Amino acid sequence: MPVIRDTWFFKLDLTNIIPASVDGITLMNSLARSLGLHDFYQVGLWSFCEGYNDEGITKCSSPKTLYWFNPVAIILDELLAGATVALPSDINNILRLIRIASNVMFGSFLTGVCMNFISIFIAPLAVYSRWWSFPIIIWTFIGALLTALGAVIATVMFIIFRNVITSQAGLNIGAAVGTQMFAFMWVGATFSIFGFVIHLGLACCCASRRDVKTGRKKGSKAGYGADSGAINEKKVAPRKKLGMFGRKKSSGEAV
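Take 222 as the starting number for the sequence shown in the working numbering and just add one per residue.
Just so you know, the hints here were simulated from the structure itself, not pulled from any lab data. Since we're looking at a predicted model, the values are computed, not measured. Glycine included, C-beta positions come from ideal geometry on N, C-alpha and C. The reader is advised that the hints may include incorrect statements.
Stated by the list, open to error - Cβ pair distances, simulated, as ranges:
id: 1; residue 1: TYR273; residue 2: PHE355; range: 29 to 39 angstroms
id: 2; residue 1: ASP298; residue 2: GLY422; range: 50 to 60 angstroms
id: 3; residue 1: GLY328; residue 2: ASP298; range: 22 to 32 angstroms
id: 4; residue 1: GLY422; residue 2: SER310; range: 15 to 25 angstroms
id: 5; residue 1: LEU297; residue 2: ILE321; range: 17 to 27 angstroms
Turn these sequences into a full structure, and let the hints guide you.
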């Protein structure tokens, strides 16, 4: 699907990569392909995809829990014999940090999304009683915290990754962060935080169904379904019988 293929955290462009040494390699339509590499690599949450500029994505790795992208291992594995690439020295120093950050990001996103999904079904309980509101506040706070944490880690990690991998100008490697993925990620985090704020307001400022029924707070009893029979119990004074032309009928007047 085009939407899924265009949604990625990070894209590594090796189209015009300059090798440190070349031994018996035939030049093809891109330097990367001549070295045995793909033109680009796209990094997602579960896996990565690779492909060529003229063909598009040709292959994606199998989805993996706690996945992290290791460009050094991929490039060294695909390079043809006799070719070497002088990658930035700083990239080896941050690989361990990338692995830890990727695992934390994956766990935060997965847990936060699951908690937010469950919140859809437990949120209506907040209108019944404050005893239900407080556990839901804690639940939505944790869900919002994990979602926002994953968004922050992803943003910082991939921006640093982009800056490090493009720091060596002579290597001619391109890199970019995915605008569409970052938009989805931050919109989700924002709505998650907004949901927590709503539940916090319900507990602090609004009246629950129990409060309205017991009279502790004012509210619409009809809206909460409380004392629905109260209106029916009110006694209505009987109308006085009127005679012809609207005059009150005297006791001795004939009908």
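Hint check:
no., hint, result
1, TYR273 - PHE355: 29 to 39 angstroms, "violated (55 angstroms)"
2, ASP298 - GLY422: 50 to 60 angstroms, "holds (53 angstroms)"
3, GLY328 - ASP298: 22 to 32 angstroms, "holds (27 angstroms)"
4, GLY422 - SER310: 15 to 25 angstroms, "violated (52 angstroms)"
5, LEU297 - ILE321: 17 to 27 angstroms, "holds (22 angstroms)"
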